[in-house]
Amino acid sequence: MTDFPHLLLSVEDGVGILQLHHPEKRNALGWELHEEIIAALAAWAEDDAVSCVLVIGNEEYFCAGWRLDVLNESDADARRRFTDLALKLMKAFYDYPKPMVAAVAGVAPGYGMDVSNMCDITLASENAHFGSTQVKYAMNGFYHGMVQRLGTQRARRLFFTGDPIDAKEALRVGLVDDVVPVGSLRATALKLAKQIAEMGPELAVVLKGVALRSGNMDHLSALAFELSVTQDLLQRGIFKERIRVGNERLKAKESKAVERLTKS
Amino acid sequence: MADFKTLRTTAENGVGTIFLDRPEKRNALSTELFEELAEALQAWRRDDRVACVIVTGTEQLFSAGLDLETMNWATEADRLRWYDATYYGYLELLEYPKPTIAAVAGATFGGGCDIAVFCDIRVSSPDGRFGFPQVRFGLTPFVDPLQRIIGQSQAKLLVLTGRRIDATEALRIGLIDQIAPEGKLHETARGIADEIASTGVATAVRCTEMLRRSSAMDPMAAYVYGHVQYRDVHWNPEIVARVSAARTKVQTRTKNA
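Chains as they are written, first to last, in the working numbering: chain A, 117 to 380; chain B, 7 to 263.
A few of these clues could be false.
Restricting the straight-line Cα-Cα distance to at most 20 Å, the calculated cross-link-like pairs of lysine to any residue (SDA-like) are [what the hints assert, rightly or not]: (1) A:Lys-204 - B:Cys-213; (2) A:Lys-204 - B:Ala-210; (3) A:Lys-204 - B:Leu-100; (4) A:Lys-356 - B:Arg-87; (5) A:Lys-204 - B:Arg-219; (6) A:Lys-356 - B:Gly-168; (7) B:Lys-162 - A:Ser-337; (8) A:Lys-204 - B:Arg-32; (9) A:Lys-207 - B:Thr-214; (10) A:Lys-207 - B:Arg-219; (11) A:Lys-356 - B:Lys-162; (12) A:Lys-356 - B:Ala-80; (13) A:Lys-204 - B:Ala-208; (14) A:Lys-207 - B:Met-216.
To be clear, the hints were calculated from the coordinates, so they are not data collected in a lab.
Kindly produce the complete structure, drawing on both the sequences and the hints.
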């Protein structure tokens, strides 16, 4: 097992909590953080104790982006190895086999925002800001991640200007799914991640597979694909068990959905 | 290198070779074989000693296909393990960063034919036979990337009938790229692998990635992506050095001529 001096890793009720922890650099992604994150995600991908991953910093900041000092000080060869490493990290996020929640506080510039966009769901603290700041340094932000969540106009505006938007605006345009009061980010995000993890690792992998692939199919292919998934699931032990429990709960007039609706 | 039960592996001069090795089962595909195949490939992903991988059996036989014993699952856990093994086994080939060559002979049926199809390049001995007879039991083969390789019509013919074809027909429809002389399957595959490996790991990886991603893009996007790659290699100091070495060599030759 690799050492993770720049991460705080824990597993709680099916949620792998990957907390970025490199305060000297405000969690900017340098060589070490890249390697550690990639290794941690790879291990959890195959660990049945983890059904959902929560990627988080602290209540003040998430990730300050790519390590500009590394880019600035390296020679051409090291920069190339560094971009190769970034590609590896982004692949690990963008095609991860289990659901991922990002919880963003503070300013998430450039790569910081990009990484959050590659997760399935992003929650933001009221103090969060997002911007595709790479353009200021004559680099390119990750457009695909933005356009997946935003309309093309807003995606291009962010991509071309690099100007930041605050959490409220990010919520309005769909860059994040919820905004929570400062200081409550970890608790809220962990609660959501645990609700996702309730489905367990087997189903989590199947449903994430659907979410990753279906959107890239035409509508009739997607129907055929998704119904094949249904057929597959109907044969499985987890379905037989959960349909039995679910039926009993319904008969007893118990429903998690109703409980959660009335609570929120 | 891990000790495998269903495979043997070698790695030399830039070429990694995986020999399917279940002689008593005619290399039928088991859970363990798929798991070991994925493991062997994974180990070479970032190993700079390997630029290109050959997946093969013997000079006589590649794989008779699915091991029917495997499908006799004792528990649901065994069944799910088989699904994981096949899913990640084929996926490893499909998304493998380095070029893969299937060198096949004799029976190359069902899942064995799928493995060959998931490789980048296919070479066969003259007695190679191909097909997806499992469709006769109602089991589905992978239709993609098969149909990208041989075209929709030939793919339909093979998949819908489950018929078996010989190496000559396979070559004609593009299911295989070359027929090796009898008894020289491994040597021929090795020749191709050596050519690929001589371009270097970085180049082999880059070209593999380009070939794979471009087919999922529209033509204009693929063109722009191709040109970005072309510009990018010109910035690469290692490649610049190779080009200038070649230039010096040509100049010296011209001067001496």
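Status of the hints after comparison with the structure:
1. A distance of roughly 17 Å separates the Cα atoms of A:Lys-204 and B:Cys-213; the hinted pair therefore holds under the 20 Å criterion.
2. Proposed proximity of A:Lys-204 and B:Ala-210 is supported: the alpha carbons are some 17 Å apart, at most 20 Å.
3. Between the alpha carbons of A:Lys-204 and B:Leu-100 the distance comes to roughly 17 Å, so the proposed pair stays at or under 20 Å and holds.
4. For a cut-off of 20 Å, the pair hint linking A:Lys-356 to B:Arg-87 stands: about 19 Å separates their Cα positions.
5. The suggested pairing of A:Lys-204 with B:Arg-219 holds, with an alpha-carbon distance near 16 Å, which does not exceed 20 Å.
6. For a cut-off of 20 Å, the pair hint linking A:Lys-356 to B:Gly-168 is broken: about 34 Å separates their Cα positions.
7. Between B:Lys-162 and A:Ser-337 the alpha-carbon distance is near 18 Å, which keeps this suggested pair within the 20 Å criterion.
8. Proposed proximity of A:Lys-204 and B:Arg-32 is contradicted: the alpha carbons are some 38 Å apart, above 20 Å.
9. Taken as a hint, the A:Lys-207 and B:Thr-214 pair is honoured in the structure, with Cα atoms around 17 Å apart against an allowance of 20 Å.
10. Our distance criterion of 20 Å between C-alpha atoms is met by A:Lys-207 and B:Arg-219, whose separation comes to about 14 Å.
11. At roughly 36 Å between alpha-carbon atoms, A:Lys-356 and B:Lys-162 are farther apart than 20 Å, so this suggested pair is violated.
12. About 18 Å separates the Cα atoms of A:Lys-356 and B:Ala-80, which keeps this hinted pair within 20 Å; it holds.
13. Taken as a hint, the A:Lys-204 and B:Ala-208 pair is honoured in the structure, with Cα atoms around 15 Å apart against an allowance of 20 Å.
14. At roughly 16 Å between alpha-carbon atoms, A:Lys-207 and B:Met-216 fall within 20 Å of each other, so this suggested pair holds.
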